[in-house]
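Student: Going down the list, the protein sequences come from chains A and B. For the first sequence, my numbering assigns the number 8 to the initial residue and increments by one for each residue that follows. For the second sequence, my numbering assigns the number 392 to the initial residue and increments by one for each residue that follows.
Worth double-checking, as some hints may not be accurate.
Unchecked claim - Below, in silico cross-link-like pairs of lysine to aspartate or glutamate (EDC-like), each with a Cα-Cα straight-line distance of 16 Å or less:
(1) K588/B with E89/A
(2) K584/B with D36/A
(3) K637/B with E615/B
(4) K584/B with E218/A
(5) K577/B with E217/A
(6) K584/B with D97/A
(7) K577/B with E86/A
Read the hints as simulated data drawn from the structure, not as lab findings. Remember, it's a predicted structure, so these values are computed and weren't measured experimentally.
Below, each chain spelled out in residue letters.
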Amino acid sequence: MKNNRLTVAIPKGRNLRPTVELFRRIGIDFSSALEENRKLIFKDEKTGASGIIVRDTDIPAYVEGGAADMGVSGKDQIEEQEKQLYEMLDLGFGYCRLVLAEPKALKENDDPSRWTHIRVATKFTNLTAKYFLSRGIHAEVIKLYGSIEIAPIVGLSERIVDLVSTGNTLKANGLVEVETIMEVTARLVVNRASLKTKRERIGGVVRRMEEEIRKNPIKD
Amino acid sequence: MKPNPTAIPQGTRTYQFEEAAHKRFLEQTLHAVFRSRGFQEIVTPPFEYYESAIIGLSQDERNRIIRFTETDSGRIIVLRADITSQVARSAATHLAQRPLPLRLCYTGSVFRRARTGKGEQYMVNQSGIEIVGHAGVEADIEVLLSLVSALGAVGLSEYSISLGHAGFLGSFFERFDDTDRQTIKKALGKKEKPAIKAILDKAEIPPDEADGFMTLTELYGGEEVFAKAEAICRNEESRRALENLKTIYSSLCEAGLEEKVSIDLAETRGFGYYTGVNMELFSASGSTLGTGGRYDNLVKRFKPDLPAVGFAFDIDNMIEAVRQTDSPPVWRGSDILLVGAQDDAPQTAEKLREAGLMVNVPFAPMTAEEAKSYAEKMNIPNILIEEPDGQGYDWIKTETGEIVACGLGDFINAWFSGGKE
Chain A
8 MKNNRLTVAI PKGRNLRPTV ELFRRIGIDF SSALEENRKL IFKDEKTGAS GIIVRDTDIP
68 AYVEGGAADM GVSGKDQIEE QEKQLYEMLD LGFGYCRLVL AEPKALKEND DPSRWTHIRV
128 ATKFTNLTAK YFLSRGIHAE VIKLYGSIEI APIVGLSERI VDLVSTGNTL KANGLVEVET
188 IMEVTARLVV NRASLKTKRE RIGGVVRRME EEIRKNPIKD
Chain B
392 MKPNPTAIPQ GTRTYQFEEA AHKRFLEQTL HAVFRSRGFQ EIVTPPFEYY ESAIIGLSQD
452 ERNRIIRFTE TDSGRIIVLR ADITSQVARS AATHLAQRPL PLRLCYTGSV FRRARTGKGE
512 QYMVNQSGIE IVGHAGVEAD IEVLLSLVSA LGAVGLSEYS ISLGHAGFLG SFFERFDDTD
572 RQTIKKALGK KEKPAIKAIL DKAEIPPDEA DGFMTLTELY GGEEVFAKAE AICRNEESRR
632 ALENLKTIYS SLCEAGLEEK VSIDLAETRG FGYYTGVNME LFSASGSTLG TGGRYDNLVK
692 RFKPDLPAVG FAFDIDNMIE AVRQTDSPPV WRGSDILLVG AQDDAPQTAE KLREAGLMVN
752 VPFAPMTAEE AKSYAEKMNI PNILIEEPDG QGYDWIKTET GEIVACGLGD FINAWFSGGK
812 E
């Protein structure tokens, strides 16, 4: 196919810098993503590759829909959204964990093996429901969009499922971890059709990235 | 809340005017191509018994079937989720006495519960072909060439066909238990190396075999894939599958399709019943225009053991793709709006219709202004307004507003000498 231009979905937030660094190492300059000019679509003139900056949670949708050929997305969102994507590389950066947490006082007398029904507040409704379903526990999942940690304090739910990296936020809100549901890192996701129609270009990018990461992992 | 009488269920749609015209254009053109290659049409019922509907479907597909109960018997009836398995059943029963191979084509909708937020439809319109009773590679090639010919007929020149082979992957999965097999298939479908590696480590697969497995995720591309794949073949079945795929690939290249065809040996998508080559067709913008493959074990579930291969286009994605080309199919409400002044308008309209034109005759008289406004809204490019004395017409071109005085014969002549626009 004639169109061999590459469009990359770059996440806002904590994975922005490492993503720009990753592409810099394979010769694609997306440094304008770091400028304060708020431009959300730009082009690397040397390679002709375009970058679009979107919310990290929206990366799978952009890539599945073919609006971008590839993107960098956290494993958490990939599993939550279950989009049809190729998930070609574990990029190593953006490490955090998806955990189930509850108030410290509750934890002291709690026995997770006896749970039959629990109430959980989370952003990750699909992952949470699936996780508990697979263990035969009925989870009443309450969808929240932020400040998940306060849900147990104010009595919205007994427990929460959320991402933690340092654990400080949990601690500050009197919560303790009960279980790790999954470990999360950033992944290179690729549109299924793009891999076939632009296979040389994308195959090359994937191979070079894989080498770069193996030689010298990218830090957060 | 008050029920909303104008709501329609999520995932269904109404096609109107232009959309409906494009849908019909696609279905008609695909059908004509299939018929021109000797395929016979088969029309199967839109609902059927659950037990027969689930044959060949995965658990996830079964869960998404839309079902209800047959009042008399209490049996579960479902809206069909797949036409291929219905065709297989027909081939095994009513068509069993006909000479083989059967070349069959169909147009119809399949239904399944859409998952929210995924842009899925409850109702998917398909148009497809099946060749039943021929195991040779000729049938696979004929299916692929038919779909290429259909793409040409509808005016799609930018697309890509991805080929895989269920027989090639089979031997790689043998040593895993059911759970691991599902997990590893899923990971392979996503080319997710870390997940594959985790399972290989857990199952303590010897290093050389594990290396072969990891290579699977890289077996996509052109001709060069075959050599890489041969190096990791573990049994005769895989080697045969690869030979088979190579033959198919070469004939497509001979047909000048090298640029359009790619190989992906890790592709595990599609219905579980595929046993041989599997095919997926992508548009330039990356949507799936159709899927297909060889399913040699499906017909025999209904008795006679017949090999088969088929392909189905997704009509809605095809419409989208055709509309995005530089020359989308022309749509117009009618060719002419005929405003008569005398009582003979019906006869005049009949003459124009006999000449092959689409004619819209208003029920009440219209002024030139009214006619123009109506024709613009309904996308009718020409207006004929009869002179009050019945002697000739004013021919108004809707787009430019240009007016020509003419007789009916003049108009028809002008139409057929290229004045159609």
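Student: Work down the list of hints and note, for each, if the structure agrees.
Tutor: Comparing the hints with the structure gives:
1. K588/B with E89/A: violated (20 Å)
2. K584/B with D36/A: Violated. K584/B to D36/A sits at ~27 Å, over the 16 Å cutoff.
3. K637/B with E615/B: holds (11 Å)
4. K584/B with E218/A: holds (14 Å)
5. K577/B with E217/A: violated (21 Å)
6. K584/B with D97/A: holds (8 Å)
7. K577/B with E86/A: Roughly 12 Å between the alpha carbons, so the hint for K577/B and E86/A holds.
Figure legend: structure checked against the earlier numbered hints; hints not met, in rising order: 1, 2, 5.
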